[in-house]
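Asks: The residues making up each chain are set out below.
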Amino acid sequence: MNTYKIFKFFDKSKSKAAISLAFFAVLLMMPIILRISSYRNESYVEGVLILCMLWAAMTLSWNLLMGYMGIWSLAQQVFFGIAAYTSSMMNYYLHLSPWVGFIVGPLCATFVGLLVAIPVLRLKAAPYIIIATMCLSEIVRLIFINLVKWTRGELGFWQMEPFNSILGINFNGADKIPYYYLIFIIFAAIALVCALLAKSSTGLAMKAIRDSQEAAESLGVDIVKTKIKVFLISSYLAGFCGVFFAHYIMILTPTDVFGQGLMTEFIAMNVFGGMATIRGPIFGAFFITIIMETLQGIDDYKLLIYALILIITTLILPNGILNSKAQFIKWGNKVKNFRIHKKVELKEFSSKSDSIKLVNNRIIS
Amino acid sequence: MLKISNLNAYYGDVQVLYDVNLEVNDREIVTILGSNGAGKTTLMKTICGVETTRSGTIEFDGENLMKVPAHKLVTKGITLTPEGRHLFPELTVKENLLLGAYSSKDKKATKDTYDWVISLFPRLKERLIQYAGTMSGGEQQMCAIGRVLMSNPKFLMLDEPSLGLAPNIVDSVFDVIKKINEEKGITIIVVEQNANIALQTADRGYVLENGSINMSGNAKEMLESPDIQKLYLGL
Amino acid sequence: MAVIIQNLINGIISGSYYAVLGVGLTVTWGVLKMINVAHGNFYMMGAYMFYTFSIIMGFPVIPSMIAGVAAVFVLGMIMEKFVLAPSLGRGKFGDTPFILTLAMGILLENVAQLVWGETNVGVPYFNDSIIKVMGITMASQRLIVAAVAMVTLIVVLVIIKRTKFGWAISATAQNTFAASLMGINTKQIYMVTFGIATALCAIAGSLLAPIYGINPWMGESIQLKSFVVCIVGGLGSVGGSIVAGLLLGIIESFATQFLGSGWQNVIAYALVIVMFWFRPAGIFGKME
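Residue numbers (our numbering), protein chains in the order written: chain A, 1 to 365; chain C, 1 to 235; chain W, 1 to 288.
Watch out, some of these pointers could steer you wrong.
As the list claims (entries may be wrong) - The following label-pair restraints were derived from C-beta to C-beta distances:
1) S261/W <-> S104/C: 20 to 30 Å
2) Q159/A <-> V155/W: 28 to 38 Å
3) I66/W <-> N168/C: 51 to 61 Å
4) K336/A <-> Q15/C: 16 to 26 Å
5) G12/C <-> D211/A: 12 to 22 Å
6) T255/A <-> T137/W: 30 to 40 Å
7) I118/A <-> V155/W: 39 to 49 Å
8) V14/C <-> S261/W: 18 to 28 Å
9) S261/W <-> Q159/A: 23 to 33 Å
10) G133/C <-> K336/A: 32 to 42 Å
11) G332/A <-> N64/C: 27 to 37 Å
12) D211/A <-> L157/W: 50 to 60 Å
Unchecked claim - Partial list, computed: chain W residues near chain C (C-beta under 10 Å):
13) K81
14) A85
15) N175
16) Q188
17) Q257
18) S261
19) Q264
Hints are computed from structural coordinates only; laboratory data are not their basis.
Values in this document were obtained by computation on a predicted structure and should not be read as measured data.
For every residue, glycine included, the Cβ atom is placed at its ideal position computed from N, Cα and C.
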């Protein structure tokens, strides 16, 4: 009974808004909180949170395609990587400021988004889209590996500069705070965009397409336009993340950035946290990033534990942790029924009546 | 032969069958009527133990059928031609028929049954090497019934055999149903929307509406009954 | 001219094991209706099992290979029964098995890392000699690989088309409900089919181990190629995978010859994308 009340609380939109605000407020204040409490390792925690926000933003952008629209596009990291490389290479070869990268990078990512969207439009079934996007990612990765003269291939591209100072804020030092707030802005903005999109008419169209393309079409949804629109938005947002990543981490390799390893992480984060919501990807990204950091010590077993978590969660909670309210309630009910049933059984046996009936017929068969 | 008591069935949390009681005796043809959505196919699926959670009793020749998994039913002599036939579209007619005998170990008996089935359905004989998915509705129905006979069942359930078929084909299908019952003594349940032909062929009938039985009796009497005539025969 | 024939033969040789891998994947899709993203990892496990039996335990080559394949077969069945079976058809997005196989793949990679270490290990060639016929050079190891692969393909085809068990697999793939009504234990079929698919990967893995060496990540490069073969041939079509596998091998061979090895994969993947444009269902697939 108590679990039900708790869920009811979380359902109210006022509580939801309050929780979201609280979350972002805490994130905003985190560096300050860390410094005030004289916690020795602020830089480390900030570093972890930066990654959390970065991956959360990426997962949110992928969630638009996968969770809301049901398109198994495994090319999200391509948009990320293209923006990263574009910004870095323009910075190094053309001496453009990394801040300009924020303009150029996402645009290039969007262009690639369009290129990916075109074949995907043709394909209806998930396996085909999976293969097509995987092939496209691999093509991009191999191109970047092979064009060593410009991209330095697997040797790594580290010639980009960090963000130049703006308004007196210095991005070069060991201090992570400028990066922290930069990614915070990006993250919050992306979360806002996704939330607004989900509630808009496009958001409805997306969900309609996910549930039944034919039905959506018959109701007047322009499938082609919607798909392209969402691909463009998704890749654009991913582009921002890519530019930040390039000038923060300061090294790029094609496999790290275009490989399926990165994509797998987004999948895991989204599935774990719950698709088709805003809180799902955020929760998943934060949870998994933090767990992976904590497990750094057991480096050897890290991925093993990661895989086990994924398997177990998927089997028990296939909709992701934050989407499983209905399932938790069911379990609560089952436990309740079981307890009542046990009580009745004992009572009946002890009263030695002629006919034994059970309260809930379901238990017999 | 088959005795169902207090059968309740649920798709998840939604109840779809309410306290169903029915009986089929040896060598009988029993028909279950009802309009669309009444729960007829659900009843078939529930007897097979597929897709629904169920409670109550299903007894077949004294044995509790609830404990028998779907793929073992045929070994007990129970078979079902599902709604929509469900043939194997990429296998030939002959292969479909032979698959019907998958569970039987007796090669000689299978051969005899095969010959008998072919004689029952001369149209199939002409199409033995044709892919089952390319045949007409009537031919598919024949194939489906033939397939199910290959295991020499004691008990046969047919779910809407007349679905999508032209009236004269429906007649021949029901002729075959009568024939199997007479020649081999197979007990049959026919689930049907076409009340007219079903009641003409059957010995007894039940009416299923909204998941529960609301009428039962002798088939001829039901045919004459003004209620049935109004509701199901459009008279 | 000799160059062309040489490439053709090389292509057929590599195509034959691509075909084996593709068949495994296509059968998994056809019967279990899911994409196995850990396909490449079972290939890797096959190679490691072979290594374990032949090098670590010192058994002769052929029994080692058979034992290795059998071990992976059992592993595949166990994973199907405990990880995949409970999930088929559940969850809002019925592609839960995809994620599970993804996780399974990571699991296998890491178990391999822990058990056998990260460095490359090797297995000796079955046969060191080189054959020269009419100006065409071939390592006999590669010929053995091709021969075993082709025999495997023939065996698989025979099983599926001629045996009762093979019919049961086809029936389950075409209509699970009807199949169970015929007395086919579909759960068992799922389990065994998955086992067969992983066993096929293991065969390919064992055959190629002497040539390419073994490391926990060797499955990654083969993974996408297997997918390509499976899809180009048509999902669910065994014949299609065989044809597509051979085609891929031949195309790759020529691409390497004229464009260099870095670009061979790019060509292959680009062709897949083109193929999707004109005929998404694959060569032998059904248009939906």
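Asks: With reference to the structure, classify each hint as holding or not holding.
Replies: Comparing the hints with the structure gives:
1. S261/W <-> S104/C: 20 to 30 Å: Taking Cβ atoms as reference, S261/W and S104/C lie about 56 Å apart, which means the hint is violated.
2. Q159/A <-> V155/W: 28 to 38 Å: 55 Å, violated
3. I66/W <-> N168/C: 51 to 61 Å: For I66/W and N168/C the Cβ distance comes to about 60 Å; the hint holds.
4. K336/A <-> Q15/C: 16 to 26 Å: 19 Å, holds
5. G12/C <-> D211/A: 12 to 22 Å: Once the Cβ atoms are compared, 18 Å apart, the range 12 to 22 Å for D211/A and G12/C holds.
6. T255/A <-> T137/W: 30 to 40 Å: 33 Å, holds
7. I118/A <-> V155/W: 39 to 49 Å: 41 Å, holds
8. V14/C <-> S261/W: 18 to 28 Å: 59 Å, violated
9. S261/W <-> Q159/A: 23 to 33 Å: Hint holds: Cβ distance 27 Å, inside 23 to 33 Å.
10. G133/C <-> K336/A: 32 to 42 Å: 49 Å, violated
11. G332/A <-> N64/C: 27 to 37 Å: Holds: the Cβ-Cβ distance is about 32 Å, inside 27 to 37 Å.
12. D211/A <-> L157/W: 50 to 60 Å: Distance hint for D211/A, L157/W is violated at roughly 39 Å.
13. K81: 16 Å, violated
14. A85: 14 Å, violated
15. N175: Holds, about 5 Å.
16. Q188: 9 Å, holds
17. Q257: Q257/W check fails; min Cβ-Cβ to chain C is 39 Å, beyond 10 Å.
18. S261: Because about 40 Å separates S261/W from the closest Cβ in chain C, which is outside the 10 Å limit, the hint is violated.
19. Q264: 35 Å, violated
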